[in-house]
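Novice: Start from chain A and add chains B, C and D with the ligands according to the hints.
Chains as they are written, first to last, in the numbering used here: chain A, 811 to 1070; chain B, 4 to 280; chain C, 114 to 542; chain D, 31 to 392.
It is possible that some hints are incorrect.
Between beta-carbon pairs, the in silico distance windows are [unchecked claim]:
1) S228(D) / K246(C): 38 to 44 Å
2) E878(A) / G141(C): 35 to 41 Å
3) A1034(A) / D436(C): 44 to 50 Å
4) G952(A) / D436(C): 26 to 32 Å
5) L332(D) / S204(B): 49 to 55 Å
6) L908(A) / A279(D): 51 to 57 Å
7) K246(C) / E878(A): 52 to 58 Å
8) R142(C) / E878(A): 35 to 41 Å
9) L332(D) / H273(B): 20 to 26 Å
10) R321(C) / I857(A): 26 to 32 Å
So, partial list: chain D residues that the calculated Cβ filter (under 8 Å) puts toward chain A [to be verified]:
11) R33
12) D37
13) P38
14) D42
15) R61
16) R111
17) G291
18) L295
19) T323
20) D326
21) V341
22) T373
Hints listed in this document are in silico derivations from the structure and should not be mistaken for laboratory results.
As the structure is a computational prediction, the values presented were derived from the model and not from experiment.
Note that CB positions come from ideal geometry on N, CA and C, so glycine has one too.
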Amino acid sequence: MARPRLGVFKLASCDGCQLTLLDCEDELLAVAGAVDIANFPEASRRIEPGPYDVALVEGSVTTPHDAERIQQIRAESRLLITIGACATAGGIQALRNLADVDTYVAQVYATPAYISTLATSTAIADHVKVDFELRGCPIDKGQLLELLTALLFGRQPTLPNHSVCLDCKLAGNVCVVVAHGTPCLGPVTHAGCGALCPGYTRGCFGCYGPSRGSNPTAQSDLLARQVPDESTIRRLWQGFTTADPVFAEQASRFTGGDGE
Amino acid sequence: MTAAALDLWRPVPMPVVSKVQETADTVTIELDARDSPVRFAPGQFTMLYAFGHGEVPISISGDPAHPERLVHTIRAVGRVTNPLVAVEPGQVLGVRGPFGTGWPVHDAEDGEVVVVAGGIGLAPVRPVFHALAAHRERYERVWVLVGARTPADLLYREELERFAGAHGFDLRLTVDHADDTWDGPVGVVTRLLEAADFDPSRATLMTCGPEIMMRFVVREALRQGVPAEKIWLSMERNMKCAIGLCGHCQWGADFLCRTGPVMRWDHAMHRFDVGGL
Amino acid sequence: MSDERTIQVDYLARVEGEGALTLKWKDGRVSDLALSIFEPPRFFEAFLRGRSALEAPDITARICGICPVAYQMSACNAIEDALGVQIPEPLHQLRRLLYCGEWIESHVLHMAMLHAPDFFGVPDAMTLAQTHKDEVVAALAAKKAGNRIVATLGGREIHPINVRVGGFYRLPRPEEIDTLRAELEAARPKLEAVVRWTGTFDFPDLERDVPFLSLCPGDVYPFVEAPLASTVGHRFSPQEWGQHVVEEHVERSNALHARLDGEVYQVGPLARFALNFDALPAGLQQLARDIGAAPPVRNPFRSLLVRGIEALYAMDEALRILDSLVLPAEPSVPVTLRAGVGHGVSEAPRGVLYHRYELDDDGLIVDADIVPPTAQNQLSIEADLWALADGLWEMEPEAATLRAEQAIRNYDPCISCATHFLTLHREPG
Amino acid sequence: MSRYRLDPHDLDRLLERLQEGGRVLIGPRLRDGAIVLDRIRSTADLPRGLTTVTAPGRQHLLDRADDALFGYEVGPDAAKRWLHPPRVELWRARKDEGGELFFEGTDEPPKYAFIGLRACDLAAIGIQDAVFLRPGITDPTYAARRADVRIVAVQCGASAATCFCASMGTGPRVDRGADLTLTEVLDGEPHFVVEVGSEEGEALIEGLPVKPVASTAPEEAAARAAAHQERQMPGDVRASLLNALESPAWDDVAARCLACGNCTLVCPTCFCTTVEDTTTLAGDAVHARRWDTCFDQGFTDLHGHAVREGVAQRYRQWLTHKLSTWHDQFDTSGCVGCGRCITWCPAGIDLVEEARRIGGSG
Ligand SMILES: Cc1cc2nc3c(=O)[nH]c(=O)nc-3n(C[C@H](O)[C@H](O)[C@H](O)COP(=O)(O)OP(=O)(O)OC[C@H]3O[C@@H](n4cnc5c(N)ncnc54)[C@H](O)[C@@H]3O)c2cc1C
Ligand code: SF4
Ligand code: SF4
Ligand code: SF4
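Just chain A, with the same shape it has in the complex (with noise of 0.2 Å):
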């Protein structure tokens, strides 16, 4: 089999998800001998025009340029996977979406007639058609070399979308909820870091972003039981992945701060 040409793309983002593939010391070369990094301008100044087999999408659209760019990208991919919170929800500049965003230009920018930017920043499965995502802020090791690894043999990736709670057992963590009262959204949140925040005794803030089947409405109410100020709550739903309707709709049940 020819090795699959890979091309790694990035939108508005902190460059995090990417750098994650440069942070499997022990795999990088077994991973640069198996693929042919033809376009990956974090690595390598090496950068071949498309098509390319497999193109990982980091960050989200926020540009009219990057809105026509990820048409483009693709257009010149067989497989187009999106690797975390921005790329597959808006990350946490989506915040933007909630606010006029001329405004902000003003607030950050001496000369906003310098700055061209989109009212919203939107997942890349917005724009076009998604063939696998790797969830996250940032996306976890194990599950991009899962990814890579599948993609290789040809085989589905291995990428459960049950709640972080499943992991959080798995691992041996004490539930913060229980144990010291603290707000988890691990019940709602879609597994793949092997429930960290819970490991490190806080709780799950859900940068995974939605898990399957859950049940946000009980989660919520769950957390008006524990949390007094509406406000918190909603910030708590308003994360990296403020923008996934799931979390939206639960924000949008709070309000109290300056945020209504």
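Specialist: Showing chains B, C and D with the ligands alone in chain A's frame:
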């Protein structure tokens, strides 16, 4: 006791010896089981393992008289069945089994047999045809009522016709949607059942297909007077281990990999209409 | 007929984030030079408004996946300043430990994977590994050790989850500390080998006398310790930052440029090294001299060597902290939310990172200001390019392009960060 | 059963004895604010002077006035975590050049000893035995870990607010399944009363500095614990739930249930697993098993849809399996009344209350 000797989780490698394309998405493959013959009852299934992709339950669709030839008919629908359907002769699969319960081919002796199957549901009853053919004299009339979405989705069509000719089965086929190759009946398989004039008091009915199809088949059979304890069906649930340890295939108190997939209607009837059980 | 030449790098590779370079000559003289940043803006400072101060470390980490610890540390320092929280020594040591991990990881990533390929004329580290397998493998092992520190203390390598205002969520467990120590000990000689190897590189000549700014506590090589000092006589606290550093917004860039009392200046390894060399252990001072990095180092290409020395320092410091670790009883000190203004600095691998927050009575952020290192260095990078550019005129286009890119990569510029250092302009009223 | 007296400072001798021959000792340990089961080596690793305050969805630790080593109720973990591990590689498959497949086992089962298990834990092991060691169907992972295990139980002297073992007939008295049973006596001069429950138990204390005693401390402790228990599983639950399969009452609990699966995961008898197939970069295929939960929607996936789509259907599966159909499958209830699922449910859902409400027993 050594753990390895008891390891029911571990497959046995078997090479593919032949592959027949049945329909656009379905193939029949035969595995060479001479080294470890799979003696099975019609209706039983194995766990088939595609290297690196995983294991899925697939009914044995071959002739029970030939345990050294393990035959399966597989429809490509996803993660594991896609690579299973793509195997070529010479490649090796992993096999565990056989597992589960079988059709009542012995209990059905000295009476009529009515087999009603839809779509891929024909695969688990195909061994029944072999078993009945092998002892044709023990049975009265044999009805084979088969439904498919379109003529192109009909499984084993020529073979069924050959069987029917050679062994005197009353074969009736129907499709949901006809095309220009089709001049047979159009409609659901229950219509065939309505039209078949078997003696309900002497018949054993075996049905396999989507749950919704089986619901109507059973309803019609009961209406015609087939006793509940002579109606048999094959249930499908997610299965991961096939040895009653993973919990996935539970349906009420049944582990369908052990006390199913084939069961009598009077065993199933109290739950069959409970949604999402 | 006039002779014109252009170097156009549409996509600067092997830097973090998206930027481009245009260099034009006319009749042998540079006529235009532009380092533009087209990384899309993400408006962190705007949406931080209304968020809780306690969220600042997690949120601002997302400005940069390469140096999230720096963001978390500067944010904690600033919020703790605003809330009057004192961090006891054991927790301060754990923060240094975490920072050691980020320095090692980031420096080795930059040295071996992003910068070194330029010195061999190859496109990337994977290609470099074909001729220098042992060195690349050793570098990967050293980098991994850095990542292990961050993952052990922070939960994961990128965007650690264990940092909070007031300390940490949980303390490392004894068995985690033992494992980490063993991993660092095994990686130490590999890192040293990599550093010695970089000493053999062929460094282009370029000397620029630019003011350096870094933290300079005096007694220790700094990660999070104020005050700041410069090589031109400044000495000021984080609270005085705004009196000295001013940013401007230019058209071609989504980032802002900073000046120190009106002057172009530089932050980062060379600045730290120049201002804190005396705080390095004697052995590392000697090693620095051995590999060609005797202070002051003013050749930006040689910043590669200084990164190596700093990475080794971070490795040794991490081991020292682990050996003398006294775990506190609690992973954090109590924090009470209230109104206030706070300033925080820390030394990101690329240089000083400044945060400032204004909080209301509920501890919600009403105003935020973040000045990352790349923004501060951008004018210096351009100055380097001007200084180099005349010489590039003579070179083959490909070699000239490479040299210009290499000069930019000297700074390990983090463009993802640069576009998010966003001065919040207070609305009237 | 013969009874002996063991001084607290001699407990370490017993712990050493338990670890002879490379046996891995699992016992209670303080971690992140809860008492979990984990590897321990000596009494220094045991939680000392702590007690638990337990309620639905809540378990806190508090200091005790004394130095008790076992003065708390069960935490989230049970022996299941060790005998039926959360993840285990079942086998690896390799393909040689000729395309032949090889299936190789990779499990290297450790030998375990447990200390600190309670009556409910022993009953739960009995239930998992029934699941995993059926005639003709033996799970090799479980069998290998279970075969040569040593168990030192502790007799409860108090019950948590969520315990209801008395009504399940599984406790609080430890009367079977342990090699040794310790009753911690704190009045007067602190000591342990050791009951011997097996030949292995006899061998464990041979040569230890123990003295025969005639003590009724175990019975007294058990009576105290039983007297605490307010929760009672209704006696007719097996039938009443099955009669309520289509009751709208399931929707009520489904509105509160997070579908997170914590109840099944902390339950010492729940055994469901799934398998995950992956490949290594070197091309080997890994077939691994991990705990699964019937609360996950994907648990009942058929091609294109899940059978138990809604939370009500999943909660019904869990409760009816535990309390009804388990009897048909394994001749026992699936519940030992340990209360873990009540305590460790983040939403504090109480299966006893739900069983009453849904089954209509008040
Ligand atoms: C007893 C029994 C006999 C069967 N006999 C045959 C047969 O002879 N021929 C045939 O083509 N198919 C048969 N099936 C169905 C076959 O097992 C599924 O099509 C197959 O499991 C789908 O797996 P996949 O990975 O290809 O699909 P995916 O859709 O990718 O699978 C996703 C998930 O759903 C599960 N899953 C999906 N569909 C089913 C299903 N129908 N049954 C159980 N689990 C499922 C998979 O295990 C996996 O967890 C039988 C099923 C059972 C239970
Ligand atoms: S800590 Fe959070 S993720 Fe873990 S079990 Fe509890 S609720 Fe679930
Ligand atoms: S526990 Fe939650 S917030 Fe933490 S890393 Fe996992 S998904 Fe993200
Ligand atoms: S169902 Fe609940 S009370 Fe019963 S054994 Fe399981 S966890 Fe314990």
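Novice: Regarding L908(A) and A279(D), is the given constraint of 51 to 57 Å on their beta-carbon distance met?
Specialist: violated, 39 Å
Novice: Does the interface hint hold: is D37(D) within less than 8 Å of chain A, judged Cβ to Cβ?
Specialist: violated, 32 Å
Novice: Was the hint right that V341(D) lines chain A, CB cutoff 8 Å?
Specialist: Holds, because the Cβ-Cβ distance from V341(D) to chain A comes to roughly 5 Å (cut-off 8 Å).
Novice: Starting from the hint 44 to 50 Å, judge whether the C-beta atoms of A1034(A) and D436(C) obey it.
Specialist: holds, 48 Å
Novice: Classify the hint on P38(D) as holds or violated, based on whether any CB of chain A lies nearer than 8 Å to its CB.
Specialist: violated, 27 Å
Novice: Does the hinted range 20 to 26 Å hold for L332(D) and H273(B) at CB?
Specialist: holds, 22 Å
Novice: Have a go at the D326(D) hint: is there a Cβ in chain A nearer than 8 Å to its own Cβ?
Specialist: Constraint on D326(D) satisfied, holds at 4 Å.
Novice: Is the hint on G291(D) kept, meaning its closest Cβ partner in chain A is under 8 Å away?
Specialist: holds, 5 Å
Novice: Does the closest beta carbon of chain A sit nearer than 8 Å to the beta carbon of T373(D)?
Specialist: Where the cut-off is 8 Å and the nearest Cβ of chain A is about 7 Å from T373(D), the hint holds.
Novice: Is the gap between the beta carbons of S228(D) and K246(C) within 38 to 44 Å?
Specialist: violated, 59 Å
Novice: Taking 8 Å as the limit, does the beta-carbon of D42(D) come near enough to a beta-carbon in chain A?
Specialist: Violated, about 25 Å.
Novice: Measuring from beta carbon to beta carbon, are K246(C) and E878(A) in 52 to 58 Å?
Specialist: Violated - the Cβ-Cβ distance for K246(C) and E878(A), about 41 Å, lies outside 52 to 58 Å.
Of the numbered hints stated above, those contradicted by the structure are hints 1, 5, 6, 7, 11, 12, 13, 14, listed in ascending order.
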